[in-house]
Amino acid sequence: MILDTFEALAMVAAIFAILILGTTHLRTNLSFYSLHTMAIAAVTAWIASITHEDHLYLVAAGVFIIKSCSIPWFLNSVIKKINVGTDGGAFIAAPLSMHLGALMLGLSFMISQQIPGLIGEADSRLGSTAAMSILFSGVLLMLTRRAAISQIVGFLVIENGIYLFAVTQTHGMPLMIEMGLLLEVLVAVMVAGLLLFNIKKSFEHIDVSQLTELKD
Amino acid sequence: MNDLLYLTALPASLALLSLFIRDVKLTRKLVPVLIWWQLGIVALVLHPCLINGQRMEFTSGLAVDKMGTYFILLATFVVSCCITHADYFFAAAEAHGDAYEDQQLRLFYASVNLFLLAMTSVFLCDNLGYLWIAIEATTLSSAPLVYFEKNKFALEATWKYLIVCSVGIAFALLGTVFIFAASQRGTLAVPTLNISELISQAQTLNFPLLRLGFIFCLIGYGTKAGIFPLHTWLPDAHAESPAPASAMLSGSLLNCALFGIWKVSSIINAAQPHSHVHQLVAILGTVTVVAASLLLLRQHNFKRLWAYSSIENVGLMVFAIGLGSGPLFFLQALNHSLAKVALFLLTGNIIQASGTKKLNKMHGVIEDCPIWALLVTLAAFAVTGAPPFGAFVAEMSMLSLSMTDERWALALIMTVAIAISFVAICAHVGKVILGPAKQGFKKFQPIRASIIPALLVLGTLVLGLVVNTEAWSGPWSMIK
Amino acid sequence: MTSINTDAILETLVFIAIFLLLPPLLVGIIRKTKARFQNRIGAPLLQPYFDLLKLLSKGETISKHTSWIFRSTAAINVSLLIILAFLAPWTSLRPFNLGADLFLVIYLLALTRFFTVLSALDAGSAFGGFGASREVTLALLVEPAVILCLAAIGSVSQTSDLGVAFSFNNIALANQPGLWFIAGCGLFLASLVELSRMPADDPTTHLELTMVHEAMILENSAANLALVEYAHFLKILILLGISSQCLLHAIPFFWHTTELILVFSSLVSIMILAASIAIIESVAVKLRWTKLPEFIAYSVAMSIFCVFIALSKNLN
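Residue numbers (the working numbering), protein chains in the order written: chain A, 1337 to 1552; chain B, 119 to 598; chain C, 6 to 321.
In short, the hints are calculated from the structure, not lab data.
Do not take every clue at face value.
[Said to hold, decoys possible] Label-pair distances were calculated between CB atoms; the ranges are:
1. L51/C x D1390/A: 56 to 62 Å
2. N1419/A x N44/C: 30 to 36 Å
3. T126/B x Q1449/A: 42 to 48 Å
4. L1522/A x W260/C: 29 to 35 Å
5. D216/B x M1526/A: 49 to 55 Å
6. T177/B x Q1449/A: 39 to 45 Å
7. S138/C x M1515/A: 55 to 61 Å
8. M1526/A x K560/B: 37 to 43 Å
9. L1479/A x L123/B: 40 to 46 Å
10. W260/C x T177/B: 44 to 50 Å
11. Q1449/A x I401/B: 50 to 56 Å
12. N1412/A x H165/B: 49 to 55 Å
[Said to hold, decoys possible] As a list, the in silico DSS-like pairs of lysine-lysine whose alpha-carbon atoms are at most 27 Å apart:
13. K1536/A x K268/B
14. K1551/A x K143/B
15. K475/B x K549/B
A quick note: this is a predicted structure, and the numbers were derived from the prediction, not measured.
Built from N, CA and C at the ideal position, the CB exists for glycine as well.
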């Protein structure tokens, strides 16, 4: 299997997403997320150069600026202000969830062979494998971590996985929609970050497993 | 393009103004008037579609057909009613001694206007990508509304709302990508996200990919609508927000998400009518109704009670979509919105007057404030689908349509579930209304508080008496 | 009888000279880089040689509670590591091919650890005891990573002979930069733990309670200590050598160059890896004992990725 460059980059992004699972140290998570998004921006730019769809260059630049630089910077400043260094804990130990994430990579390889309509395009299989494993890593991150910040990072990783899927399978959705998506994610993260301040102020912790006051 | 400007200019500028007007009392009086004015503008701009039923196209990707027009009018109407009542709500809070801060109120009005803008844009979308962006925008603009009270419960509710809805919508994005891929790999190989183009080319799309996309969109938009088992955010969010906001969330936000499901469902219906995947929708609707009616049996919080009733009605609307009937979907949405808004506004009044949300601490409203008690009873009957209110007509038509479609089991289960929910709601409401008068029930301007709810209840009554579904399925037919 | 091949004899002599004399230089590089990082001049590069010579001339003190295990472990370790230096593919200069089976290499490494642990327990001190237990715990966690990385490489080339797998004539592994790079990263992280460097263990600590490896060799003195230190230096050479070979194999340039450049770059890359260990030591902190499995998990994850890559190649 000779790897196309963009597939190698997509796998690098998938590996970084799995490495995010391996630690509960929040700043390390954000640096891995930043590198992971840079790999995805590189994939977009590479596909743009192959398929000559110039709007993808703009999208790659947008992904780099917004998702790779601004969002991690914003979340870093939130972490500093609320003074939380590491995740309180995880329901599954961090190394175990990382191994699970690695197993999900194998699982997504098998699943990507089953997606109807995409079989037969041998060069896009690794791209969809990477995208699905990033999706799974994001879901694992959201389910197994207790700090609210990790849930935000998990959501961002899920979005990255879906975006990578779109880029490798369909060579990107129209420009307006991609830009709207990026803006939306930025606003969502800012709203969530502001909410996080208030959670820390009211509850004195950001442990979502303890947000169980509201029940029937 | 000008039409678009007319539709969106007023809410956008109001959002900005509300943040900066110093005198909050002025904002409280001004915004309702201007939103009613907006309703008039919307009706005027969209009247070609209202009268003739022709599709109006504003620009590529933004168009509105008859269903969209009716929904825009409904959403604007709901927001106007709630905002008008909100003035009373805040005045009552002041009279009871715990007034809200000016900054909170400014943020409230600004968010409401942004929320209206987002909802209008949802119904204007003819492009799946724009639809996704608009629905996510409604989530983001309604988050400040849920967080209004700024206490621990509101914080928790807002956090769950934001996270669960955003993740759900992310899955809808995956579905959208699959549908885009389906159009790219179909026989025509023209990639498009434009809904009308997709419907007209539906037979040429790659069906397995389309089916996969439909399932993910169903899961995604279903989370936003509150289908079981993705409904966990709904009771918290609708119960912890202030009464006018809960009314808006239940009355119009759920319609937006269901509109998304309706659009995707029409694509897959056009591709292959009566596909297995489409049968799934009606089953999901039934499961939601059953789950909601069972959960309604044990409720302790007045507002959560109505939130679960919203979930039940969402199930009914999804059932209507699953049967492929646009008119019934809209009819149920209309009746539900009118009744639910009335209920939430009245519930807000009662909770403010009694000072508690707990069902076991409320009793005797009929002695303390007979008019509220009467209206709550009527509205409760309306929302559960008792005759002669409008929801009865809609539900009867749905059940008879499902029987003509030979889905006996679903119809039977739905009937039993609706009956259970009727009994549950009547029991809970009965306990609140009847009984000895409560100490310390401080009602504030009860007549003024009853105007809007009374109007809405009257509306559902009129709909129930006047509307005849045979008359509906003729000129209102929205399926080709 | 074949004629005596002077080239082969020369190469063999150079090879033996390199592996006997290079290890202390590596340690010198590590210490010098660390010193420069801390903005001081530091000891001269060749200081480890002088230290070893100094130790050889000192008088020995042995606890009278020890047995033959303690007295012979140092020598056994050095012999085992010299055998390993002949077998393991730590450099591109291979004048002969002795058939280094993957499991033989790993078991030889494990055997050296076995004897070190025994000698630590033999001396009967508390520090030896807990150092030994910690070392064995870390080995338990890190060995799967090493084995899986090397096994993945072996399985792609359909052989368990590491010499064949690591040679630059092996077509099956010619175009796998991903596999080699990930294996190299995994092996490098694993060697950080096996060699008791940061962030697993601070080699310069004087506090016995924080020691892992040092605690085991506390009782040695004079000639034994010299041999033990030399054995440790040899282990550094071999493990860093294997990691650097993996990383070199990942770069397509090296598959098509002359042997001289290959040999030269393999030695230079070992020194670069040694310098990077020093940089890591200056930048990272020693992890708390309970956080170590998280760090080791990264190297295990790399090895799992290698296994997946190998599986996907074998299934195609």
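query: Any of the earlier hints contradicted here, and which numbers?
result: Violated hints (numbers, rising): 4, 5, 10, 11, 14; every other hint is consistent with the structure.
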